[in-house]
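Participant: Sequence:
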Amino acid sequence: MDSPHRSTAHRLPFRDPALPGDKRVDDLLGRLTLDERIALLHQYGPAVERLGIAAFRTGTEALHGVSLQGEATVFPQAVGLGATWDEDLVREVAEAVSVELRAFHHHRPTANVVGANSLQAWAPVVNLLRDPRWGRNEEGYSEDPVHTARLGTAYCRGLAGDHPTYLRAAGLLKHFLAYNNEDDRSVTSSGLRPRVLREYDLAAFRPVVASGAATGAMAAYNLVNGRPCHVSPLLEELRGWAVPTGHELFVVSDAEAPFNLVEHEHYFDDHAQGHGAALKAGIDSFTDQNEDSRITVGRLREALERGLIDETDIDRAVRRQLQLRFRLGEFDPDLDPYAGIGPEVIDSPEHRALALRAATESVVLLKNDGLLPFRTDRTPRIAVIGPLADAVYEDWSSGTLPYRVGVASGLRATAPDVVTVEGLDRIALRSRTTGEPLGATAYDVAEWGDGVLTLRDATTGRYLTRTDDDSLAADHEMIKSWFVDERFLLEPDPHGDADTVLLRNVRTGRYAAVDPADGRATVTADTPREAERWQRELLRDGRAEARSAAAAADVAVVVLGNHPLINGRETEDRTGTALPATQEALLREVAAVRPETALVVMSSYPYALDWADEHLPAVVWTSHGGQETGRALAAVLLGEADPAGRLPQTWYRGDDELPPRLDYDVIKAGWTYQYHREAPLYAFGHGLSYTDFTYGDLRLSASTIGQDGELDATVTLSNTGTRSGSEVVQLYVRAVDARYEAPRLKLSGFRKVRLEPGERREVAFRLPAEQLAHWDVATGAFTVDPGAYEVLVGRSAQHVVLAAPLTVTGPAPEPRRVVDRRTAAADFDDYTDVTLVDATRTAGDAVTPADPTRPATVLFRSVDLSGAARFEAEVAREDTRPGEEARLEVRAGDRLLAEIAVPVTGSRYTWTSVTADVGTVADGGGVHDLRLTLHGALRLASYRFDSRAGHAQGDEADA
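Be aware that the sequence shown starts at 2, since it is given in our numbering, and climbs by one per residue.
Treat the hints as calculated values from the structure; they're not laboratory data. Virtual Cβ for every residue (Gly too), placed ideally from N, Cα, C. A few of these clues could be false.
Label pairs and their computed distance ranges (CB to CB) [what the hints assert, rightly or not]:
hint : residue 1 : residue 2 : range
1    : 701       : 762       : 36 to 42 angstroms
2    : 23        : 851       : 47 to 53 angstroms
3    : 382       : 641       : 17 to 23 angstroms
4    : 717       : 343       : 54 to 60 angstroms
5    : 343       : 48        : 22 to 28 angstroms
6    : 700       : 812       : 27 to 33 angstroms
7    : 842       : 34        : 28 to 34 angstroms
8    : 344       : 166       : 24 to 30 angstroms
9    : 23        : 234       : 25 to 31 angstroms
10   : 700       : 28        : 53 to 59 angstroms
11   : 842       : 701       : 47 to 53 angstroms
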């Protein structure tokens, strides 16, 4: 029998589906007490029993399957979905994920047995894959904003469903903004000058939000231009893009990020300030302190009591949460079209088939000199070799695999004779103290880069791990935990022979020691001197076994790559792009005895495969493709399926020195296909087919358009080969002789097309002039310059096959106006040795020398200084280097206009104006390149030139 509270609640206006949604939200919000509203600001919002409202929690990880909740269909990693270049397929995958999420919500307990599994899906990730060393590379779709935005939109639409009122699941975009490094992620600042911000990082988020497909966003751990993302004014700009859709974005914090504002970033003095600032900036839900909401609620209440926030701030955030909950059907269970989804959909036959199709479509053929596809009638024996020969791993974002099919198993199901060899050394580690082998067993040793090893018990198949009491035990069937204690190093004994090693745990940095009394091994030694000496005994030579298997086979398939939880994962970036040394050595030894060797790379990220590309006849890449990985690869290797994937990011050469990982300026640093100056090993968009495609007859509907015009580009694609296949038609544009540093080319559109032998098809693209735009720092807006452009069709960013000229007409850009107006220092055209920082804690950017001992310069091109009489700059300076001077140097071309001493203002946020007369510039007048050079530890937020009239008015005002 219903309680009186519940019976009454069901008659309240917010329960009436006939009322407009805003009226229902207003009614419910007005019935909640202040305490109830504050409580809803935590990730785990409590039930309000008097109103019949259930508990609510934000967030279920659902990047390529329902994650961390038990068995669920596991699709390819997001970077693998990116490799499909197929929006329809990505949408289908998201539909399947959201259907399973509904089943988990209604029929499965949460992992922590608190509340129900959330229907807010913390996916997709639309951070761009700028640096292939990023530890979370597998979570993104692409290095390109157009590609990423289109697949992100498709994924969000698949999650949401097609009902006009109710959502099947609510997609949330991660991680806002410019988050592409793991090392020290909570304290590093991503420097984004306006062009990079607008043309690159925001360009991946904006189309998804503006489409109405995304319902929310998660703020990132990092800072941007010195300000934490959780208090960024860009959050409100992000929200503004959703306004035309009629729905507001619901923004959540990342886990423990509100805590970081004080404890790690030291951005605020106390947590009430930090939480209050985050709420006012636009954080609607605080993911902090796990399930315990008391601390967060207490901090927000303190912020309210101290006047740092008011009830309007609280109501605004709660309103956004309630709007989402209404859209998810929580208050209309009888009308919710998705309420009847049952548990039978989880890992259903239909979803298994979709997982196989997605994994197959994501396979990329990087090189093929005719070895592939294998013909089983001509290759009776296939040797599958390598540490990933038959392995299928889960990553942190995947669900529990309901089953797994590895490469060898997939081939064995079709090919008549398949042998499998991992190529791993089997060793025993014998204690010098006791003479006994560690764990009384032998271990198969795999290396995952930088010498980091896993040791797997040769008898049980379980991994050696450091347990909570620092003992060593081989008791983990798989590696999947936040803290990975299965990583070890075997270091040479500095005072022993070549076979004597020290065993070191990577996570703790401590060495294994042995108690001579009971022989117990523990990871407790802080120094090599205290560590146990182990005799490394080779029981099986993995490379010799691999050579033997390869020599006895007709072809070899060497499967190499990464473990998703080791050396490149959340919290840990890679140090480089080379294959693990032992994997590279294994590959070379196999190829030496079996030239007919195909390399299959199964990885979360690109590798430098220079040797393989030069010496092997075939190279294939797949991400960790989920439960059907092996069947998908077998279908491609045996020719049952055409390799339809294309690379979603650049694979650089091994000798190509990458920019520093914290250099987020893709333009100046030369990141991605748009700006990288050296030819890559494998280009963005690259991928081969088993059939032949030819392109022809690129036509533009107009050869000249205005700055707000548009045109149609049409190209004919033909399958001139003997079998069906898929091609990704890629349309690029580039500016010719641009006045700014333009991309080498940039993706404008793409279309995946499947053709039968002999079939041809016209592929058309609509090209609005805005796709030729760049962010004009002089006007603070996107601008299409008049002039010459090219429209390009390519097989990849490096392989352009057709080009057509295009002219844009319109007025020429005017010189930058700086007289009698404020110009932000961050709106420069170029710079040297400058760092972007926050002007205040709430808004604005400034520049400062990257190293105060070296001068730093910002350049403003084509500045009209006509009539300038006085220069004024907005500066701040902390007294961090007592006794040292700071000054600002102003030059027009080569002419020194002024040198101005900058006083100590007392704080980096205490700003003052410094001025100097520049009357001589008026004599020359005209247009100049303006250089402002900062000497010493100062910050520059803006500058202006006053005319004689403006100067005189200012003097009168001062008087």
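Participant: Hints first: check each against the structure and report whether it holds.
Facilitator: Against the structure, the hints come out as follows:
1. 701 with 762: 36 to 42 angstroms: violated, 18 angstroms
2. 23 with 851: 47 to 53 angstroms: holds, 49 angstroms
3. 382 with 641: 17 to 23 angstroms: Holds - the Cβ-Cβ distance for residue 382 and residue 641, about 19 angstroms, lies within 17 to 23 angstroms.
4. 717 with 343: 54 to 60 angstroms: violated, 48 angstroms
5. 343 with 48: 22 to 28 angstroms: About 25 angstroms separates the Cβ atoms of residue 343 and residue 48, which means 22 to 28 angstroms holds.
6. 700 with 812: 27 to 33 angstroms: With Cβ atoms ~28 angstroms apart, the hint holds.
7. 842 with 34: 28 to 34 angstroms: At roughly 31 angstroms between Cβ atoms, residue 34 and residue 842 fall inside 28 to 34 angstroms, so the hint holds.
8. 344 with 166: 24 to 30 angstroms: holds, 25 angstroms
9. 23 with 234: 25 to 31 angstroms: Given range 25 to 31 angstroms: holds, Cβ gap about 26 angstroms.
10. 700 with 28: 53 to 59 angstroms: At roughly 58 angstroms between Cβ atoms, residue 28 and residue 700 fall inside 53 to 59 angstroms, so the hint holds.
11. 842 with 701: 47 to 53 angstroms: Holds: the Cβ-Cβ distance is about 49 angstroms, inside 47 to 53 angstroms.
Of the numbered hints listed earlier, those contradicted by the structure are 1, 4.
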